[in-house]
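The primary structure of each chain is shown beneath.
2 protein chains.
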Amino acid sequence: MPSNYIALNTLKFILNQVHGLADVLKLDYYSDHDMESMNLFLDAVKDFSDREMAPYFKEMDEQPAHFEEGKIKVHPQVGVIMKKGGAMGLISGIFDYEDGGMQIPMMVHTANTYIQDCANNHMTGYMGLTLGAAELIIHFGDAALKAAYVPKMLTGDWAGTMCLTEPEAGSSLSDLTTKAIPTEQDYYLLKGQKIFISGGDHEYISNFVHLVLARIEGAPAGTKGISLFVVPKNRINEHKGLEPNDVNTAGDFQKMGQRGYCTSHLMFGENNDCRGWLVGEPHRGLKYMFLMMNGARIAVGRGAAAIVMAAYHASLEYAQERVQGRKIGKLGKKKVDSLPTTIINHADVRRMLLLQKVVAEGSLSLLILASKYKDLSLHAKTPEEKEKYHLLLEILTPIVKSYPSEMGNIAVSNGLQVLGGYGFTSEYILQQYYRDIRIFSIYEGTTGIQSLDLLGRKATMQGGRAIQLLIEEIKQSCSEATKFSDLTPYTSMLESELESFKEVLVVLYKLTEQGKFELFTADANHFLELLSLIIIAWMWLEMANESMQAIQKDEEPHKEAFYQSKIHAMKFYFNYELPKTLGHAKILKNVSGLTIDLDREIFV
Amino acid sequence: MPSNYIALNTLKFILNQVHGLADVLKLDYYSDHDMESMNLFLDAVKDFSDREMAPYFKEMDEQPAHFEEGKIKVHPQVGVIMKKGGAMGLISGIFDYEDGGMQIPMMVHTANTYIQDCANNHMTGYMGLTLGAAELIIHFGDAALKAAYVPKMLTGDWAGTMCLTEPEAGSSLSDLTTKAIPTEQDYYLLKGQKIFISGGDHEYISNFVHLVLARIEGAPAGTKGISLFVVPKNRINEHKGLEPNDVNTAGDFQKMGQRGYCTSHLMFGENNDCRGWLVGEPHRGLKYMFLMMNGARIAVGRGAAAIVMAAYHASLEYAQERVQGRKIGKLGKKKVDSLPTTIINHADVRRMLLLQKVVAEGSLSLLILASKYKDLSLHAKTPEEKEKYHLLLEILTPIVKSYPSEMGNIAVSNGLQVLGGYGFTSEYILQQYYRDIRIFSIYEGTTGIQSLDLLGRKATMQGGRAIQLLIEEIKQSCSEATKFSDLTPYTSMLESELESFKEVLVVLYKLTEQGKFELFTADANHFLELLSLIIIAWMWLEMANESMQAIQKDEEPHKEAFYQSKIHAMKFYFNYELPKTLGHAKILKNVSGLTIDLDREIFV
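Protein sequence lines, in the order shown, are assigned to chains A and B.
Take the first sequence: its position 276, counting from 1, is numbered 276 in the working numbering, and each next residue is one higher.
Take the second sequence: its position 370, counting from 1, is numbered 370 in the working numbering, and each next residue is one higher.
Worth flagging that the hints you see were computed from the coordinates, not collected in a lab.
Keep in mind that the hints are not guaranteed to be accurate.
Remember, identical chains collapse to one label, so a pair may be satisfied in a single copy or spanning two.
Claimed, not checked - Computed list of lysine-lysine pairs in DSS-like fashion (alpha-carbon distance at most 25 Å, straight line): (1) K327 with K475; (2) K381 with K475; (3) K589 with K287; (4) K12 with K586; (5) K475 with K586; (6) K83 with K46; (7) K502 with K580; (8) K240 with K224; (9) K475 with K71; (10) K580 with K73; (11) K586 with K502; (12) K483 with K224; (13) K58 with K386; (14) K386 with K475; (15) K559 with K287; (16) K327 with K510; (17) K46 with K586; (18) K46 with K386; (19) K327 with K287; (20) K327 with K73; (21) K553 with K510; (22) K327 with K516; (23) K553 with K240.
Remember, it's a predicted structure, so these values are computed and weren't measured experimentally.
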C-alpha cells in the first residue's frame, strides 16, 4: 500500500491561499461554513482515506472485479465505503440542505474527493456515480422521484449509475436504441442494453438506481429524441418493499487498469418487465445529462490528477532512498572511489520528478479553480458574475478533463521510469498507476471529443466571449505578478504566449468565416494542447506569485523552503514545458488538411 | 490473436528499395546470397511467425511466466520455438560459416527478427539472448569454450542469457559484487546473485549458458575490475554428460507486460560449487559486453518498433470496420439523417493512425539503416569506409534504441485510443501492446542512460566527427531529393532543422569548453529527442524520395497508391511531428540548470 500518496500542505496551499476559499465561503449560500470547519473536514477525509481506502488499493487490482454465476464480484470494502462514506457526507456534501446536503462548496468537494482518489482510485467512482445520479434526480426529477430514491442514495444504502453507452453507440449518443414504451401507468417499459456501466452491479448494495438514456417509442431520430429515466434494479412495490425490475447483469468488462472498479454490461427488460420513470420532460434527456456534464468531466480530470500526485509521491520516495551511481563531477567523470549517491541527485531523475510535480500540482490547481468557477457560477452575488464564471467554467472544462488525463499518462510514465526495471514489476505500485490512469482520457468523452468541444463549440460560443474572458483573467494574473521583479521574466513569457495564441485564433476563425468547418476542427487536439500549456503556466504563475507574497510577509519562516519549491517548480514549467507551445502553434497556423484528405487511400 | 500484425510490403520496400539491400549483398562476405534468396527467407519467417508465434501471443500474456516450487513455468511453445527456430537458422544466421552461421547481413537479420517481434514479442527474446550470449563466446572465448557451448546454442538445444544486473547495481555496473574466486583448475568459483535475467530459466531447455559479469577476487574497484564468465546451469562433466552447477533460481519477477517472457532472479554458488569459465582476458568483461552493446540496443529498438507496427495494424483494422458517428459536414453540423461512418473517416482518428504509421515505419527504416551501417562497418571494402560506418552506427545507436521505445509508448497509446473504451478492455489486443512496449525504454540502458551516451560520449568523440558524418549523410539525402520539385519544401525544412541543430551544438560545446560538464549533459534527453526528430524526418524524406522515383519510373502502376501513401505520411510527419523540434531547441539553447541545482530543497 502507498504510504504517502498526497501532500496535504500543497492541497491546502492551493485551495486556501492560491484560489482563496475564504472568498467563496463569504457567499451567503455557504454561510454556515468557515475555513476552520472546512480544513477539519479535509483532515477527517484524509484520515478516512488512510484507514479505509489506501490499504485496499493494491488488493483491488490483484483481485479484480469479475462476473461469476450471473453476478459481479467486487472487493467487500466497496460496501463498507459506501456506508461509511455516506454517513460522513461524502456523497451528499454539495447538495442543498433541503435535499439532504451540506451545502459545501464545490472547491471543498473537489479537494476532499481528490484526497480519496489519491488514496484509491478504484474505490471513489462507486460514491461518485451515486452522487452524479442523485444530482440528476434532484435537479430534474419530480418530488415523488426525489423522495423515493435520493435519501437512500445519499446515505450510501443504494448506489447510482449513469447508463449512456450502448454496443453500437459510444461517443455517438444520437444513435442509441434503448427503447422506452409508454404504459397507462406512471412508468415506461424499458428495453435495451447498456455497456461500460461503471459501478453497475455487485452484491454489497441492496439496490442500484440507474439513470438511463432511452428513446421513447415514436420519438424523433438523433439526440433530440432521447429521454432520461430512473430505472432501479429493484423497484419499490406497493408495500414499500423491493422487487426485481428485470434489470440483469450480462457481464463485467475485464480491463487493463482500475480493475477493482466494475464495468458492467446491463440488460434492461429481457422479460418485458423493466419499469422506468421519466425524469423531467420527454426528449430532453441528453440536455439534462449535459447540464451535469461539466461536473462529471471535472471529476474525471480530478481522478487523473490524483493518480499523478500519488505516483509522484511514490517515485519521489523511491528516488530519495535508492542509492545508485555517482554524481557527475566537474570534469565530467564519475569518480569510482566516491560514494554512490541517492538517485534523486541525478539530473535526469530530478527532471522526471519535476515533470511529475508540475503536472500534478498544476493539474490540482486547475481543478480547484474550475471548482471555484462552478461555485461562483451558482452562487455569486450578481447574474452578471454568475454568467461570467459560467462561461469561464465552460471554456476550462475540456482542459480540466483532458490535461490531467493526457499529460498524466506522460507524468506517471516518467514516475515509473524513475524506478528503472523495478518500475515495471508488480512489486512496486507505479505500474498500477500507469495502467489505471490510461482510462481517464477515454472516460466521459475522449480527448478527441473534448478537443472538438473546446474548439468547435466553446471557443466560438457568443462570438468567442468565453475565450476573451479567459485571456483577461490570465492577463490580470500577469499584471499582479509583475510587482515581484523575480517574476517579470515569466509574466513576459506568458504574455507573449497569449499574443501568439491570439494569432492562432485569427487563423482558425478565418476558416470558420470561409465555411471550412472540417478544416477548422481538424487540428483541434493541438489547439487543446496549446491552450492547456498556457493555462497550466498561468496556474504556476499564480502559485509562484502567492509564494512570493508569503515569503515577503515572512509570517511563516519555517515554510520558506515550501514556498521556494513552488517558485522553482514554476521556473521548471516555464523553461521545460511551456516551450512545447511553439510546435503546436506552428501546426495550427500551417493549416495542412492532411488528416481530412479522404479521397486519397493513405493507409496502404 | 492478431490477424494482421505487419505490412510485409512496407518492410520489403524499406529493406530493398529505400536502403538498398542489393548493395550490401554485393560485398564479398555475403556473396552466397542474393535478393531472391533473402526475400524467400523473409517469407518463410513470416510463415513461421504466423504459425508458431502469433497464435500464442495472447495466451502468453494471460498465462504469465511464474515461479512455482523452485522452478519457472513458461508457455510450452517456448521450447518448440527454440528448436524450430534454431533449425531454421534464426539463432545462427548472422554468424560466420566457420562458427556455424549463415553469413546473412544484419539488415536481413533485423528484418526477420522484426517480423517475429511483430507476431509475438514475448517469444523472441528467448532466441535473441541465446544469440547474444553465443556472440560473446564466439568473439571473445577460446576454442574450447566455443566448441563446448556454441553449437548447442545455435541449434536452440541450449539457451543463453546475459547476467549483468544485481539488486544494488542496475545502471551502475561498476558497483557489482558477484565474486569469482580463482581455483587451481581452469575454472573460477562464482558467488553472487543476479536479477532481471530475461529468459533465465525454465523447463523446456536442458541447459542455460549464462554470460556473467563478476569481479575476480582482488580486482580493482569500478568498471575496470569486471570480468566475463561462462557459467552454465549444468556443467559438462568428464563423461560429457551434464551435472548441476550450483546455479539456482530464486524467483521470477512479475511484470506489467511481456508477461510470457520470464525475468529471473538467479543465485550463483549458494553451495560454493558454481564453476565459471573466463571469457577472454581478466578485467575486460565490461569492454567485451559493450562491444556487443550496439547489437543489443538495436534489438531493443527493433522490439519496440515491431510492437508499434503490430499495434498500428490492430487499430487500423478496427478503424476500418467500426461504424460510429457521422462526418462533419460543410457547415460544421453532423447530419442525423446521414448514415453513420466508419471511424477512419474522422479527422482525429486519421491523425492517430497517421501518427502510429509515421512512428512505426520511420522506426523500421531507422532500424534497417543502422543494421546496414553495422554490415558496412564489418564488411565494407576499405578500412576508411568501415570506420565511417562504425561512427555512424555509434551515433545512431542511442536513437535506434530510444526513439521506437519512447515514441512507441505514445504511438501505441494513440492506437489504444482509436478503440475508445474497448481499447482499455482485455477483449482487444491494444492494451497488451501498451503494457508490453513500456519496458523497452528501460531495457539495456534507460533513455536517460542513452541520452548521456549520445550527448556525453557519442556527440563529442573524435571532436564531434560522428555527428558531422551524420549531418553530411542527411544533407546528401536532401540534395538527392531536390530533383523532385514536390519534395523541395520538405528538403528545405530538413535543411533548416540541421542549421538550427548546429546552433544548439554550438551552445552545448561551449559548455564543455567551459568545463561545465554537468550542465552540458543536464538536458541530454531533449538533445536525444531533438536529434531523433530530425533523423526520423530524414528517414521519411528518403522513403518519399524513393516513392517519387518509383512513381516516375511507372514500372508498377498497381503500386502507385502504396507509394502515394508513403509521400502522404512523409508530409504528415513534417507537418505534425517535426515542429516539436522548436520546443526542444529552445530548451537546449536556454541553459537553465534547474535540474542540477542541488543546494535547494525542491521537493517539499
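Do the hints match the structure? See the list:
1. Proximity of K327 to K475 under the C-alpha cut-off of 25 Å is found in neither arrangement, the shortest distances being 42 Å within a copy and 38 Å between copies.
2. Proximity of K381 to K475 under the C-alpha cut-off of 25 Å is restricted to the intra-copy arrangement: shortest distance 24 Å within a copy versus 65 Å between copies.
3. In this assembly of identical chains, the alpha carbons of K589 and K287 never lie at most 25 Å apart, being 34 Å within a copy and 50 Å across copies at closest.
4. Taking identical chains as interchangeable, the C-alpha atoms of K12 and K586 are never at most 25 Å apart, the minima being 38 Å within one chain and 34 Å between chains.
5. For a Cα distance limit of 25 Å, the shortest separation of K475 from K586 qualifies both inside one copy, at 23 Å, and across copies, at 24 Å.
6. In this assembly of identical chains, the alpha carbons of K83 and K46 lie at most 25 Å apart only when taken from the same copy (17 Å versus 57 Å across copies).
7. Proximity of K502 to K580 under the C-alpha cut-off of 25 Å is found in both arrangements, the shortest distances being 17 Å within a copy and 20 Å between copies.
8. Proximity of K240 and K224 under a CA criterion of 25 Å is satisfied in neither setting, with 35 Å inside one chain copy and 82 Å between copies.
9. Taking identical chains as interchangeable, the C-alpha atoms of K475 and K71 are never at most 25 Å apart, the minima being 55 Å within one chain and 65 Å between chains.
10. Proximity of K580 and K73 under a CA criterion of 25 Å is satisfied in neither setting, with 45 Å inside one chain copy and 46 Å between copies.
11. Taking identical chains as interchangeable, the C-alpha atoms of K586 and K502 lie at most 25 Å apart whether they share a chain (13 Å) or sit on different chains (21 Å).
12. Within a single copy, K483 and K224 get their C-alpha atoms no closer than 52 Å, and across copies no closer than 56 Å, so neither meets the 25 Å cut-off.
13. Proximity of K58 to K386 under the C-alpha cut-off of 25 Å is found in neither arrangement, the shortest distances being 43 Å within a copy and 54 Å between copies.
14. Taking the shortest alpha-carbon separations for K386 and K475, only the intra-copy value of 20 Å comes in at or below 25 Å, while the best inter-copy value is 59 Å.
15. Taking the shortest Cα distances, K559 and K287 never come within 25 Å of each other, neither inside one copy (48 Å) nor across copies (50 Å).
16. With identical chains, the CA atoms of K327 and K510 are at most 25 Å apart between copies only, with a shortest distance of 21 Å across copies and 53 Å within one.
17. Neither within a single protomer nor between protomers do K46 and K586 lie at most 25 Å apart by alpha-carbon distance, with minima of 44 Å and 41 Å respectively.
18. In this homomeric assembly, K46 and K386 never come within 25 Å of each other (Cα to Cα): the closest approach is 32 Å inside a single copy and 64 Å across copies.
19. For a Cα distance limit of 25 Å, the shortest separation of K327 from K287 across copies, 22 Å, qualifies, whereas the shortest one inside one copy, 59 Å, does not.
20. Neither within a single protomer nor between protomers do K327 and K73 lie at most 25 Å apart by alpha-carbon distance, with minima of 50 Å and 40 Å respectively.
21. With identical chains, the CA atoms of K553 and K510 are never at most 25 Å apart, being 48 Å at best within one copy and 41 Å at best between copies.
22. In the homo-oligomer, the alpha carbons of K327 and K516 lie at most 25 Å apart only across protomers (14 Å), although the nearest pairing inside one protomer, at 56 Å, exceeds that limit.
23. Neither within a single protomer nor between protomers do K553 and K240 lie at most 25 Å apart by alpha-carbon distance, with minima of 62 Å and 82 Å respectively.
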